[in-house]
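Protein chains: 2
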Amino acid sequence: METLRKNQGLLIVLSGPSGAGKGTVSAHLRERMPEITYSVSATTRPPRRGEKEGVNYFFKTRSEFEQMIANDELLEWAEYVGNYYGTPRRFVEEQLAEGRDVLLEIEVQGARQVRKRFPQGVFIFLIPPSLDELRRRIEQRGTESEEVVLNRLRRAEEELKEMNHYDYVVVNDRVEQASERLRSIIIAEHCRVERLLSGKTVSWGG
Amino acid sequence: METLRKNQGLLIVLSGPSGAGKGTVSAHLRERMPEITYSVSATTRPPRRGEKEGVNYFFKTRSEFEQMIANDELLEWAEYVGNYYGTPRRFVEEQLAEGRDVLLEIEVQGARQVRKRFPQGVFIFLIPPSLDELRRRIEQRGTESEEVVLNRLRRAEEELKEMNHYDYVVVNDRVEQASERLRSIIIAEHCRVERLLSGKTVSWGG
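For the record, the sequence lines run as chains D and P.
Numbered per this note's numbering, the first sequence spans residues 15 to 220.
Numbered per this note's numbering, the second sequence spans residues 15 to 220.
For the record, the hints were derived by calculation from the structure and aren't laboratory data.
There may be inaccurate statements among the hints.
Which copy is meant is left open, so a pair is good if it fits within one copy or across any two.
Stated by the list, open to error - Result set (DMTMM-like, lysine to aspartate or glutamate): computed pairs, CA atoms no more than 25 Å apart in a straight line:
hint, residue 1, residue 2
1, Lys36, Glu203
2, Lys130, Glu208
3, Lys175, Glu49
4, Lys36, Glu208
5, Lys175, Glu208
6, Lys130, Glu108
7, Lys130, Glu161
8, Lys36, Glu49
9, Lys36, Glu172
The model shown is predicted, which means the values in this text are computed figures rather than measured ones.
With the rest of the complex left out, here is chain D:
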């Protein structure tokens, strides 16, 4: 009798260029799929209006953040436009071990590090419908100086070249649609034969 592996927690990595809309799409998905664990990043960037400690980010000083790096407490980290961003490691590993799906919404540099440690993760690259739209979104955010906007745009163009290292590309034309595609990818990945038949198995129909 064929055996099926018990569904294990998936590590879902949502990345893509700055301005692609990762935060908005991930917030929408959170409403749709409350059963997924959303990892909270640490950052040294100052809070934007409405952002809450422990919900959107853990806000850290530079020296606190560097201590976390030194203690190997971060699954990935990156310095991005002058600020540190990183993912506290232990929480993610605990959730996965308990069989829960965990979503990381992280920058492209960080995703590269996670891919080395968790090649079995599901890597999703979110892109805006066009470069013009990307510029519009970055400018509209209105919290950055013109120089930072230009920096981000140049970086975004570089980051788009990383697309082919991902498993999926999702175009963020409308948030609802992008979030529905993410949901589909997660459901589909749980049905993939190599996830169901590899490693520890449980009896099918037993």
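Once you've looked at the hints, dock chain P against the given chain D.
Same frame as chain D, now just chain P:
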């Protein structure tokens, strides 16, 4: 600038042991996703109650069917419990060329042939929640003699071993849920990087 391939039609192959519920799930999916083309098989099996020519099957005599085999008009065919089943080839190829997704609901033998010709297809293996449930479903159909039922069950056990040649396994516990998983798989496959970046490309954001 990175380029994205225009979404092409997917060949989706839904297979699995007799009694898994392929017909019911595929009918449910047809309601959910009317944009998908559902290939109609040819068969020499007599129509069951309510089945319509050209809708459920093209009903053929043995000699008509053997002529189609001789003319290479079938994408796949199999003899199964005394009857021929097959997929007319031209219709499928035309639909794919026009960019439409095509779903084939076929037996395990036939799926094996399609996999050789269309390795880029999406191969989904539908299974019942357990072997006991499979027996119940085959018996409940009530159109077969006890010998045929036993034949089908033995065959189904053999067929379950094919699971690892598929891309996805979908457990048919409830039809709505199985159909939703199929839908997710189709949406997800359209986002897969290797489908978007290989072959002919179109400009992204151009």
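A quick look at each hint next to the structure:
no.	hint	verdict
1	Lys36 - Glu203	both (20 Å within a copy, 21 Å between copies)
2	Lys130 - Glu208	both (19 Å within a copy, 20 Å between copies)
3	Lys175 - Glu49	neither (32 Å within a copy, 32 Å between copies)
4	Lys36 - Glu208	between (28 Å within a copy, 22 Å between copies)
5	Lys175 - Glu208	between (28 Å within a copy, 14 Å between copies)
6	Lys130 - Glu108	within (19 Å within a copy, 42 Å between copies)
7	Lys130 - Glu161	neither (32 Å within a copy, 54 Å between copies)
8	Lys36 - Glu49	within (19 Å within a copy, 29 Å between copies)
9	Lys36 - Glu172	within (17 Å within a copy, 46 Å between copies)
The structure fails to meet hints 3 and 7 from the earlier list, while all remaining hints are met.
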